Each structure stands twice: as structure tokens, then as C-alpha cells.
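Colleague: Protein chains in written order, with my numbering: chain G, 1 to 246; chain U, 1 to 338; chain B, 1 to 338; chain S, 1 to 224; chain X, 1 to 224.
Hints are not guaranteed to be accurate.
[Said to hold, decoys possible] Short, incomplete list of chain S residues facing chain U, as computed with Cβ under 7 Å:
#1 Gln53
#2 Ala83
#3 Pro86
#4 Glu123
#5 Lys126
#6 Gln127
#7 Leu128
#8 Ser134
#9 Phe135
#10 Gly136
#11 Ser138
#12 Asp139
#13 Lys149
I should point out that these hints are in silico values taken from the structure, not numbers from a laboratory. Bear in mind that the values here come from a model prediction, so they are computed numbers and not experimental data. Positions of the beta carbon are idealized from the N, C-alpha and C atoms, including for glycine.
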Amino acid sequence: GQSPAPEKKNLKLGCMPWSEPMLQWIKEGLTPLGYNVEVIMFDANQLPAVALKDGSIDGIIQNHKPWIITFNKENKANLEMVEPYYFYSFFAIYSAKYKKLEEIPQNATFTIPGDPTNLSRSLIILKEAGLITLKEKTGPFYTLLDIKDNPKKIKLVEAEITQTARSIQDVDAIIATAYFMAETAKADPKVFLFEDPQNKDFPLGLVVRHEDVNSAWAKESMKILRSEKNRARFNELYKGKYTLID
Amino acid sequence: MITARNIVKSFGSTHVLRGLDLAIGKGSIYGLAGRSGAGKSTLLRCINGLEGYDSGSLIVDGTDVKTLGGRAMMAFRKNIGMIFQQFSLLERLSVYDNVALPLKCWKYSSRTIDTKVRELLEIVGIPEKIKQRPRELSGGQKQRVAIARALTMDPRILLCDEATSALDPNTSQAIMSLLKEINSSMGITIVVVTHQMSVIRGLCKEMAILENGRIAASGLVENIFREQPRALKNLMGEEFGGTSPTVEKTVTLLLPDTVTGYFISRMAEELGIDVTIRGSDPGAPGFGVTVPEDACRGVEGYLSTHKVRWRSLAGKKQRSPYGDGYKEQIHAVNADMV
Amino acid sequence: MITARNIVKSFGSTHVLRGLDLAIGKGSIYGLAGRSGAGKSTLLRCINGLEGYDSGSLIVDGTDVKTLGGRAMMAFRKNIGMIFQQFSLLERLSVYDNVALPLKCWKYSSRTIDTKVRELLEIVGIPEKIKQRPRELSGGQKQRVAIARALTMDPRILLCDEATSALDPNTSQAIMSLLKEINSSMGITIVVVTHQMSVIRGLCKEMAILENGRIAASGLVENIFREQPRALKNLMGEEFGGTSPTVEKTVTLLLPDTVTGYFISRMAEELGIDVTIRGSDPGAPGFGVTVPEDACRGVEGYLSTHKVRWRSLAGKKQRSPYGDGYKEQIHAVNADMV
Amino acid sequence: MISNGYMAYWWRYFEGIIVPSIWATLRMLSLSMVLSFILGFILAYFLILYGPQGLRPNSTRYKLLDFIVNSIRSFPVIILIVAISPITRMIVGTSIGEKAAIFPLTLAATPFMARIIENSLKEVDKQLIEAARSFGASDFQIITKVMVKESVPMIVAGATLSTITFLSATTLAGAVGAGGIGAVALNYGYQSFNNTVLYTSVLLLFIMVLVIQWAGDWLYKKIL
Amino acid sequence: MISNGYMAYWWRYFEGIIVPSIWATLRMLSLSMVLSFILGFILAYFLILYGPQGLRPNSTRYKLLDFIVNSIRSFPVIILIVAISPITRMIVGTSIGEKAAIFPLTLAATPFMARIIENSLKEVDKQLIEAARSFGASDFQIITKVMVKESVPMIVAGATLSTITFLSATTLAGAVGAGGIGAVALNYGYQSFNNTVLYTSVLLLFIMVLVIQWAGDWLYKKIL
Ligand SMILES: Nc1ncnc2c1ncn2[C@@H]1O[C@H](COP(=O)(O)OP(=O)(O)OP(=O)(O)O)[C@@H](O)[C@H]1O
Ligand SMILES: Nc1ncnc2c1ncn2[C@@H]1O[C@H](COP(=O)(O)OP(=O)(O)OP(=O)(O)O)[C@@H](O)[C@H]1O
Ligand SMILES: [Mg+2]
Ligand SMILES: [Mg+2]
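All chains should be built: construct the whole structure from the sequences, respecting the hints.
Modeller: Take a look at the structure:
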């Protein structure tokens with residue numbers, strides 16, 4: 001029932017290094033329409049979401065939907081991902097040593113992303129792969145404390161997400177996104193031990209404040225992103241490291 | 001001007017002052033002597049409150065030093081100049097700025113500062129070093145900067161800790177004249193700590209000798225040197241393990257060149273004899289004085305009681321340079337009373 | 001042992017040494033005097049290679065200092081002890097460790113070090129300060145630590161820059177005796193820079209006076225003091241604007257107590273007269289000596305040429321303390337040759 | 001040989017990304033360094049005044065100051081930057097961008113500077129302090145006219161060290177979207193697998209370090 | 001009142017996450033500090049030896065050393081940690097975990113330590129160096145037995161400063177999976193919206209800072 005926010009012409013959009021091109025496309029598309037778009041790059045953390053909530057910026061492409069929901073709950077925020085969602089990132093278990101999941105030995109070492117959302121997701125992947133079992137979640141994310149059984153006594157090393165892929169030679173297996181596999185390990189992201197079944201449950205896209213969800217610029221942005229031209233650009237740029245949602 | 005009563009001061013187990021009493025009158029130039037480590041510097045530092053003392057009372061310029069603090073202490077110290085034994089100059093400042101520092105702290109105008117600093121550097125004889133840093137100065141030059149700095153504030157009391165120890169006699173004399181002059185023209189009280197008796201005798205009217213943390217002797221300089229109290233003897237020459245000399249007869253004393261006329265006059269006075277210094281080559285080493293043959297024993301005794309280190313030349317007959325045939329000589333060395 | 005030829009040394013525009021020649025023989029105790037800032041310390045620092053010089057040649061202990069470097073320089077310096085004017089002690093080390101440092105650097109056994117250090121501290125008279133830090137010492141105590149440190153390596157040459165300036169006469173004498181002893185027993189060469197003529201006269205056989213970057217006078221100490229070259233006069237007393245004294249007749253000289261017997265003997269010698277010191281109270285201030293009436297003019301002239309500052313009491317008849325009726329007196333002050 | 005195409009590619013990043021980030025870095029660094037130097041100096045002043053060996057020892061006050069300095073220092077810069085963003089927002093009005101970075105950077109650098117300056121001042125010879133006392137200098141004058149003067153070279157060397165340390169800390173300011181050459185190196189370079197940008201940025205950082213060090217050394221020598 | 005449930009919750013994190021991270025931090029910090037102190041000392045030794053005011057000035061060698069120190073310092077620690085991982089792997093055999101963090105931390109801390117030590121040594125009175133020369137001490141002895149001895153308090157204060165600075169830098173080591181209390185504060189605390197963990201970790205960091213500072217001050221006073 002709210003009336004849409006008054007039309008804004010000056011927009012600030014936040015991104016991460018990997019999502020920056022998408023925002024550039026939005027900028028490119030919105031500028032002729034009389035918008036003034038500024039793209040701000042952040043390191044990985046929740047600050048862009050906070051800034052968005054506080055109104056310091058107007059949109060981000062950085063966090064996936066489940067994270068945004070958690071963030072809203074923890075911070076009494078009302079951020080929303082503009083529909084239709086844009087893409088998802090492909091998570092999988094990779095290994096340089098083993099070809100099959102069953103070959104993973106006792107006391108194997110895994111490098112997994114250390115930031116809470118990806119750690120949580122990684123733990124679910126491990127559960128789905130049948131390597132561990134998990135207890136009830138106590139906080140917003142699963143943590144190492146939530147592991148119930150670990151029959152193979154797998155040792156989990158939490159690292160920065162780009163480092164997980166880099167460490168593939170040093171450990172038995174890793175959990176990483178296809179994007180980082182391709183970029184840092186220079187490996188084929190399609191060769192994996194186990195694909196995250198929840199991949200599609202972690203959609204990404206333009207996140208804005210609730211009142212902007214229906215604003216002209218948000219709608220327009222999604223239209224720009226989903227244009228044929230940009231979809232082609234997307235596939236060309238990310239080469240299957242991210243997958244577009246139809 | 002300065003009255004100390006029963007001052008006690010220790011550094012841990014080192015008891016430096018052990019109940020020291022001292023009274024220094026306004027406008028006097030007061031000498032303080034004492035063995036190295038006797039506590040002279042410590043006493044000076046107590047006087048301007050740089051060091052606290054354990055007990056006793058110290059009234060300086062009408063105020064009890066212990067009661068002072070903060071602003072009052074600063075104002076008090078403004079009137080007390082101090083020349084430190086180790087100079088204590090700021091290494092990063094030029095000579096000019098070192099001397100100007102007290103004036104700057106008391107917010108004098110830069111005109112006044114400039115005039116004053118240049119004048120003082122002129123007086124202490126290093127106007128050409130005005131832009132140098134202390135590390136580019138010789139020892140004596142540093143000392144003169146320290147002297148100039150202590151004089152900038154026209155203090156009512158000036159505490160000099162070995163203020164001329166690094167200066168040649170000539171410059172030292174000039175500084176002494178300067179001190180005398182400011183003492184007489186401006187009536188400032190000057191306390192002089194020194195090891196050079198010539199400074200005390202040339203500069204001070206009164207003096208005190210520190211020993212074992214107390215004043216062992218004090219009074220007019222001339223009286224101290226006339227009466228030669230134990231303390232003065234302790235300070236001047238070492239105890240000598242008095243094996244009595246065995247000399248048959250003495251006629252000529254060969255004294256070291258440094259012995260003072262005063263010493264000879266004291267001896268002449270005490271023994272009631274005339275001591276003659278002859279107008280012919282006294283020969284090396286030292287110089288010769290002639291005393292009557294019959295006063296020989298007396299001289300011998302006098303020398304030994306006065307801790308003059310000497311050795312007998314008995315048996316070694318030697319031609320007297322004064323033409324009185326062969327005489328035996330007392331060879332007195334280190335009768336250095338200056 | 002030390003031969004300097006035409007040494008030139010400047011700091012920027014300050015020309016310190018301007019062609020200095022000096023020869024110091026092996027085993028001698030050599031005195032170096034000169035006005036403050038004359039370049040004495042600089043010369044010493046050149047001798048052990050701490051300072052370079054601009055031109056000239058300096059042969060020390062058979063080697064040209066300039067050719068030395070690295071290990072050779074270290075070995076060279078090992079044999080040259082130096083007592084610095086500003087002591088240069090390590091603040092963070094105890095007295096013991098300060099003195100032990102050279103020995104440690106030359107890797108002596110800790111037994112040897114311990115024995116040596118304790119012995120030296122005993123000799124310089126501060127065995128009780130062994131554990132103290134320099135900042136807990138008095139000026140003179142620091143100086144003695146510096147002396148002890150310079151002696152640890154049993155050097156062949158010892159350079160003393162004002163080594164007794166902070167010491168009382170008694171301690172100073174003890175240090176001088178010590179230096180004399182090690183000089184005679186071990187034959188080491190000692191160069192003594194000092195402003196205290198009593199030290200030069202009590203310690204050295206030869207001396208030199210630095211002036212304007214050159215040696216203005218050098219030779220046997222006794223000769224220098226006898227001949228009183230200009231350089232000595234420049235060093236000792238200020239130029240006195242010679243208004244000639246007008247005195248009718250003189251009989252008694254009242255001399256300041258500090259005047260040396262040597263001065264009187266010089267005068268007696270030069271004028272060919274006897275000067276008598278009488279055995280009765282010479283009265284204050286100073287002490288009286290009697291000279292023949294007919295030598296009156298001579299004395300007057302002698303005093304004025306020797307820059308003795310004096311004032312005439314002519315006209316003020318005064319009873320002579322020696323009972324010869326009323327006499328006029330020359331009141332000579334500052335005839336301080338010590 | 002470097003191809004024209006590569007040069008154009010490089011120039012695009014250089015002009016569009018790197019050059020602005022240089023200015024951002026310089027602005028952030030200079031402002032936060034100036035502010036933290038001033039604040040650090042004030043803190044050091046009181047640390048020296050009230051310290052156990054200080055001019056006017058006051059254990060309570062010293063411990064309080066020491067506590068403050070230690071507390072701030074115990075926050076890793078990265079945590080400080082993100083964790084105080086609500087406070088940053090209250091104070092500078094925004095939680096992102098250059099302005100928002102300057103506040104936490106200043107906050108992080110202040111206790112560092114304070115310690116550096118305190119350590120330098122502590123080294124001043126006690127005898128000089130006494131000399132100043134002897135002519136009636138106030139505590140303020142003793143610190144500013146004696147201790148600071150004597151330790152200026154050390155302080156300069158320390159400030160140089162701090163500036164270089166915090167030049168690298170501005171990288172972390174990328175967390176609040178403040179840009180800066182370090183963030184470019186990290187985000188556009190390393191994280192984006194763009195070695196051209198990475199090396200160019202690191203080279204620029206190196207040049208900045210050289211310039212800071214050179215300026216510091218020059219000042220040091222001048223003052224010595 | 002704190003409920004039992006909350007205590008249990010807290011204890012779970014404390015025991016499972018925080019305690020191990022404390023050990024990880026202490027291991028990383030102590031090892032990298034000891035190594036970087038030694039290496040930094042060696043660098044400082046040569047910087048002082050060859051420096052323009054040094055014992056045996058040698059412009060070429062000094063400039064080379066200075067260049068090395070500046071180059072490393074110009075890498076922001078976070079970039080150093082992630083960017084040199086190929087080298088890390090070559091040297092310590094893995095690019096991940098505590099061992100992999102110690103190398104870049106040491107590398108980053110070494111030039112910092114070198115500068116801190118160099119700055120302290122530079123302050124030693126020239127007259128003491130001359131005194132040591134006068135009895136034939138070698139350059140090595142002058143530096144180790146005179147300059148170091150005289151500046152030990154400054155060096156201790158500097159090492160304390162470095163240790164605290166790099167305690168906060170260990171946070172960044174979380175990037176290579178080294179764990180550590182800082183990374184816990186960031187990931188399990190701040191990023192996970194878990195204030196309990198955040199505050200507990202920061203408190204622990206604060207306690208570590210206090211202990212380091214206290215130990216440093218104690219040593220300083222003892223030596224002074
Ligand atoms: N801070 C201190 N801590 C411990 N002892 C000290 C301290 N300052 C001085 N002393 C001791 O107190 C005694 C007196 O020292 P002071 O400096 O007053 O002597 P002084 O008479 O000036 O000697 P000098 O003529 O050698 O300068 C010395 O034995 C010295 O070691
Ligand atoms: N490093 C330096 N830089 C510039 N000038 C210097 C330096 N060292 C000494 N001088 C100057 O050289 C001259 C000689 O100094 P030196 O220390 O040799 O004198 P000195 O004879 O030992 O004097 P003093 O008896 O006062 O100790 C002085 O005028 C001094 O200012
Ligand atoms: Mg003293
Ligand atoms: Mg000298």
C-alpha cells in the first residue's frame with residue numbers, strides 16, 4: 001500500500017570486484033535516461049548492505065537472497081531483491097587429487113570459505129554430499145560448531161573465498177564457486193566432485209530498499225541487465241562461472 | 001638568603017646529606033668545596049627544588065622550598081639561575097636558542113631576547129658561535145653557553161656548579177670578574193661549587209666545606225685558609241702515614257713550584273722564623289727557600305703535621321745553590337696548597 | 001711516539017689547526033694547554049684517528065694514522081687509551097660494565113675482566129659504586145669511571161682530555177700520582193690536556209701551548225714557566241692596560257694567598273734580591289713579604305711587566321705588621337700564577 | 001614490445017580507476033595522518049605528563065589514558081573500520097566513502113601516533129628537563145620547547161613510519177567503499193585477476209612509500 | 001542476569017571457536033614476531049652500518065637495503081598475505097593455514113621492525129660511538145655492545161608497538177585460513193551478526209594488547 005518513493009535521478013550503486021561489470025551495464029543503460037549513476041566498490045562484508053539500509057547507497061549486487069533475508073532479520077531492515085532474480089553462482093566441491101567423492105580419505109583436509117554465509121552454505125554442501133551431518137542451526141548461519149557427525153574426520157580450514165580455490169593443490173578438496181575455480185585455480189569449473197544442490201536457492205540480483213522495489217529505475221535496471229545484449233555479455237564475461245536465471 | 005637547617009637527603013642507601021646546616025647571606029659570593037661525591041651538586045639541586053630532601057628545612061629567598069609547587073615554584077626558580085656541572089644544553093638548538101630559551105619561556109619580546117642573548121654571548125666570549133649547535137663546540141665553549149643561559153633571567157640567586165672547570169685560566173678569570181661585577185652591581189647572591197681553590201680564594205668571601213654530609217668548616221675564606229681546619233686539609237692533601245723524617249740539619253727547602261707563598265708565610269709565622277727566598281737560580285726542580293739552621297727540627301715537624309709529603313735527602317750532600325757550601329736538604333714535594 | 005707535521009684541520013669555516021707541529025717522545029708525560037676552543041680536544045681526537053685532518057702528517061707509535069683502517073685501526077686504538085672531556089659513559093650500563101667494556105670487546109676472560117675492573121675502581125676510589133649507573137654518580141665519580149675505562153687496556157699511549165677537571169685537589173693528586181706511577185713503571189706515554197697549570201707543573205716534564213691552531217710555545221715545563229713566553233701570558237692572565245704605578249717606596253708586599261712561592265722566587269731571582277717572609281702575623285688580606293727598599297722600583301716594574309694586577313696604596317700610610325715603623329705598601333692582587 | 005592495444009587497455013584502467021584512487025588515497029592518508037598526529041600528540045602529551053616517569057606523575061589519569069590507547073589499539077583496523085560504522089555515521093553523516101574511512105583511520109592511527117610520540121619523548125635526557133625546570137619553565141613549555149624539540153628527529157622518523165603503515169591500512173578502507181589505491185590493487189587487481197592493475201597499483205604504492213620515506217628522511221636530516 | 005542458556009551458548013562458542021583461535025593467534029604472532037625481530041635486527045644492523053650517518057657509510061648498499069625495506073613496506077599487509085601465496089607455497093609448502101600465514105606476516109613485520117630498530121639505533125649519542133672506537137671496538141661490537149645496549153629501552157618499546165600492530169594484522173591472516181582471534185571476531189562475530197562472539201573476541205584481543213603492553217613496559221622499566 002505505500003506510494004512509490006519520489007523519482008530519484010542520482011543513484012549510488014554498490015558492488016564487489018566481481019559484480020562491478022553488471023553495475024557498469026546498468027550505468028550505461030540508465031545514463032541516457034537521465035540518471036546519474038555512481039558505482040562504488042566494496043570489499044567483502046556486510047557494510048554495503050548496511051549502507052543500503054541507511055540510505056547511503058541505493059542498490060547493491062553482492063549478496064544472495066538468503067543472506068539478505070538474514071540481514072533483514074538481524075538488522076530490522078527491509079532490503080529486497082528486485083525480481084526477476086538475475087543469476088546464481090555455482091558452488092561445488094573440487095579436488096585436484098581425487099576424481100570421485102568416495103575417494104576422499106579419512107582425515108582429509110578441505111578448504112572452505114570462511115565468511116559466514118558461504119561457510120554455512122559449504123556445510124550444507126558437505127551434508128548433502130554425505131560427508132557430515134548437521135545439528136539444528138542455532139544462529140542465522142551454520143557454523144563449525146553445528147557439525148554433529150564427521151565420520152571421515154575431515155579437517156575444515158576456513159579461508160577467504162578466493163584463497164579456497166588457490167589452495168586446491170595443498171589440500172584434499174575445496175569448496176569454491178565456479179568463478180573462482182576458473183579464475184584462480186585456472187581449472188575447468190565443470191570438473192567437480194559434487195555440485196551444490198541448493199545452487200538455485202541462492203539467487204543474486206539487484207538489491208534495493210523495499211520502497212524502491214517498484215521504482216522506475218529498479219525496474220529499468222533489471223530490464224537493462226536482462227536485455228539480450230547484456231545477457232550475451234554476461235555469458236561471455238563469466239563463461240559459465242555464474243549462471244543466468246531465466 | 002639561603003638557610004638550611006638539618007637537611008637530610010639519601011638516595012636509597014647512599015646517605016648524601018646527613019643533617020646539613022648552612023646560612024648564606026644576601027649578596028654574598030659563597031664558596032662550597034668538598035671531596036668528589038660529597039653532595040655539593042645535590043645540595044645545589046635541593047636549593048632550587050630540583051631535588052627533594054628527606055627532612056630538615058630549607059628557606060631560600062624567604063620561602064620554604066618544600067611548600068612550593070606549580071606556578072609558585074616556577075616563579076621561584078625564575079629568580080634562581082643555575083649553571084649545571086654537565087652543562088645540560090639542548091643538542092637540537094643553536095647556541096642562540098639555548099641561551100634564549102629561558103627568556104622565551106617567560107615570554108619576553110623577541111627584541112629584548114635578541115639584545116640580551118647577543119650581549120651575554122659577547123660577555124662570555126663566544127659571539128661567533130651564535131649559530132652553532134652544542135655538539136660543534138669545545139667543552140669550554142659549552143660551559144660558557146651554560147653560563148650565559150643561567151644569567152639571562154637576571155636571577156637574584158646564582159648557583160654555579162663547577163662553572164669554570166672547563167675554562168682556561170684567562171677565560172676563567174674573566175668569568176670570575178663577571179660574576180664579581182654582577183654580584184656587586186646587582187647584589188645577587190652567588191653560590192659557587194668548585195674544586196679550584198684559586199676560584200674560591202679569588203671570588204668568594206665566605207665558604208663552607210662539605211664532609212660526610214655535613215658542613216665540616218665554614219666561615220670567611222681567609223680565616224679558613226689561615227686556620228686550616230681538618231676539613232681543608234682532608235680536601236687538599238692526602239693523609240700521610242707519618243714516618244718521622246730523620247734529617248740532621250736543614251738549610252734549604254726545595255719546594256715544588258706550585259706551593260703558595262701563603263704556605264711559606266704560615267710556616268714562618270708558626271715557627272717564628274724568617275724564610276728567605278734568594279735572588280739567584282734556585283735550580284730545578286721546585287724552588288729553594290732558606291731557613292735558619294736552628295729551626296730545622298721545627299720545619300721538619302711543621303711539614304709532617306701539615307701533611308706535606310716530603311722525603312729526606314739526608315746523607316746526600318749537595319752543593320747549595322746559594323753558595324753556603326754543602327748542605328743537606330729537605331726535599332718537600334706536593335706541598336701544594338693552591 | 002707522536003709526531004705531527006703541519007697538521008691542518010677545519011670544521012667548515014672554523015680553522016682549528018693551522019699547520020701544527022708537535023713531537024712527543026716515548027714515555028714522556030706531555031702537557032697541552034691552550035685557550036678554550038684552541039683545538040686541544042680536536043688534536044687529541046686526531047691522534048687516535050677519531051677525527052680526520054685535512055693535510056699534514058701524523059705519525060703515532062710508528063704508524064701514519066691516515067693509512068690505517070679496519071682491523072689495523074682497531075689494533076692501533078687498542079694501544080691508545082683516551083679519557084674524554086665529557087666522560088662518554090654508557091648510561092644503560094653499570095660502572096662495572098662501563099669499565100669492562102673495552103676488555104669485553106677484546107675478548108678477555110671474565111676472570112681477568114673481573115680482577116682488572118675491581119682493581120681499577122679501587123685505584124680511582126669508587127669501589128662502592130660498582131653497580132651504579134652513571135646517572136647515579138657525581139661529576140667527579142663519572143670522571144673516575146672514565147679514567148678507569150681508559151686504563152683497562154694497559155695502553156701504550158694515554159690521551160687525557162681534562163681528566164681531573166671535576167675532581168677535588170686531593171683526588172686529583174691521587175690520580176696524578178697514579179698517572180706518574182704508570183708512566184714510570186710501564187713507560188707509557190701520556191698526553192695531558194688541561195687548564196690547571198698545577199696539573200701540568202705537578203705532572204708533566206714537557207708541555208706545549210696551542211694558540212691560533214699552532215704550537216705557540218713548547219719545551220720543558222720549568223723552562224716555559226721560567227721564560228714565560230707570550231703564549232703562557234696570554235693563557236694565564238688577561239692583558240692589562242699598563243698604567244704604570246706611582247709608588248714612592250716599597251718595603252712590604254701584600255700578596256694574595258694564592259700566589260706561588262715560585263712567583264716570588266722568580267722575582268727574587270730576576271731582581272737579584274732576597275725576599276723575606278717574616279715569622280709574624282702577616283695580617284689579612286694576603287700575606288706580606290719584605291723586599292729591600294732600594295729594590296722598590298724593580299719590584300714595581302716586575303709586577304707590571306708580569307701583568308700582576310695591583311693597586312698602589314701610596315699615600316695611605318700603614319703600620320707595617322713587621323714592626324719597621326710606617327711603610328707604604330704595594331697591594332698586589334691576582335698575582336696568581338697557579 | 002608492448003602493443004598499442006595493451007597500452008590502451010592499461011590507460012583505460014589507469015585513467016578511469018587508478019588515477020582517481022591515487023587522489024582518494026592521498027586525501028584519506030593526509031587528512032587522517034594530520035588529524036591523528038594532532039590527536040596522538042595531545043594524547044602523548046598527557047601520557048608523558050602523567051606517566052610514571054613523567055613531569056607530574058598521576059597514576060589514575062595515566063592508567064585511564066593508557067587504557068584508552070590500548071583499547072583502541074586492540075581493535076584490528078579492519079574490525080574498527082567496519083564495527084564502528086554506526087558511530088562513523090553519527091559523526092561524519094555517512095557510513096561509506098572516503099569521509100567514512102577517514103574517521104576510523106584517524107581513530108586507529110591516533111593511539112599508534114600517541115605511542116610513537118610518547119616513546120620518542122620518553123627518551124629525552126632527564127638532565128635537560130631539569131635544566132628547563134631550573135629556569136622556571138612550565139610543564140607545557142618543558143614538553144613543547146624542550147622534549148619535543150630534542151626528539152623532533154625521532155618524532156619525524158616515527159611519523160614517517162606511521163604514515164607508511166597507514167598508507168597500507170587505507171587498503172582496508174576499501175571495506176567502506178572508500179576506494180584508494182590499495183583497494184584498487186586488491187579489488188580491481190588481485191580479486192579481479194587483473195595483474196596489470198595489481199602491478200600498476202603496487203608500483204604506485206611503492207612510489208608513494210618512497211616519496212613518504214624520502215620526505216621523512218629529508219626532514220630528519222634537516223632537523224638533526 | 002545472564003541466563004544459564006546464554007552461558008551455555010557462550011561457552012559453546014568460546015570453547016569450540018575462540019579458545020583454539022587464541023592459540024592460533026599466539027602461535028602466529030609469537031613466531032612471526034620472533035622471526036621478524038631477528039630479521040629486522042639484521043636489516044637494521046646493515047642499515048645503521050651503511051647509512052649516511054652510519055659507521056661505515058656505503059651509499060650503494062644502503063640504498064639497496066632501503067629499497068628492499070621500502071618495497072616490502074609498500075605492499076599492504078592484506079595484499080602481501082594473499083598475493084604472495086605462490087611464494088609462500090614454495091617456501092613453507094602450503095598456501096593455506098597457520099604456517100602459510102606466518103611467512104607473509106614475518107615478511108610484512110620485518111621491514112617494520114627494521115625501521116623501528118634503525119630509528120632507535122640512530123638516536124644513540126655519537127660520543128658513545130666514538131668512545132667505543134677509541135678503545136678499538138669493531139663495528140659489530142659498536143652496534144651490539146654500545147648502540148643496542150644504549151637503545152634497548154627504545155627497541156623494547158618499539159617491539160611492543162610492532163607486536164600490538166601485528167596482533168591486529170593477524171586478523172588479515174584469516175584470509176589464508178589461519179584462523180586467529182581477529183578472524184573469528186570478523187567472521188563469526190561481526191559478519192555473522194553474533195555480538196557475543198564479537199565482543200568476546202575483541203575483549204580477548206584487548207587483554208592480549210594489555211598483556212603485551214604490560215610486558216613491554218615492565219621490560220622497559222627494568223632495562224631503563
Ligand atoms: N640519582 C642518584 N641516585 C643515587 N645516588 C646518587 C644520585 N645522585 C647522586 N648520587 C650520589 O650522591 C653522592 C653525592 O653526589 P653529588 O653529585 O652531590 O656529589 P658532588 O659533591 O657534586 O661531587 P662532584 O664534585 O664529583 O661533582 C654521590 O655519592 C653520588 O653517587
Ligand atoms: N664538530 C664540530 N663542528 C664544528 N666546529 C667544531 C666541531 N668540533 C669542534 N669545533 C670547533 O673547533 C674549535 C676547537 O675545538 P676543541 O674542542 O678542539 O677545543 P678545545 O681546545 O678542546 O677547547 P676546550 O678547552 O674548551 O675544551 C672550537 O672553536 C670548536 O667550536
Ligand atoms: Mg657535582
Ligand atoms: Mg676540549
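Colleague: All hints, please: hold or fail.
Modeller: Hint check results:
no. : hint   : verdict
1   : Gln53  : 15 Å, violated
2   : Ala83  : 41 Å, violated
3   : Pro86  : 43 Å, violated
4   : Glu123 : 12 Å, violated
5   : Lys126 : 10 Å, violated
6   : Gln127 : 5 Å, holds
7   : Leu128 : 6 Å, holds
8   : Ser134 : 4 Å, holds
9   : Phe135 : 4 Å, holds
10  : Gly136 : 4 Å, holds
11  : Ser138 : 6 Å, holds
12  : Asp139 : 9 Å, violated
13  : Lys149 : 5 Å, holds
Checked against the numbered hints above, the structure violates hints 1, 2, 3, 4, 5, 12; every other hint is satisfied.
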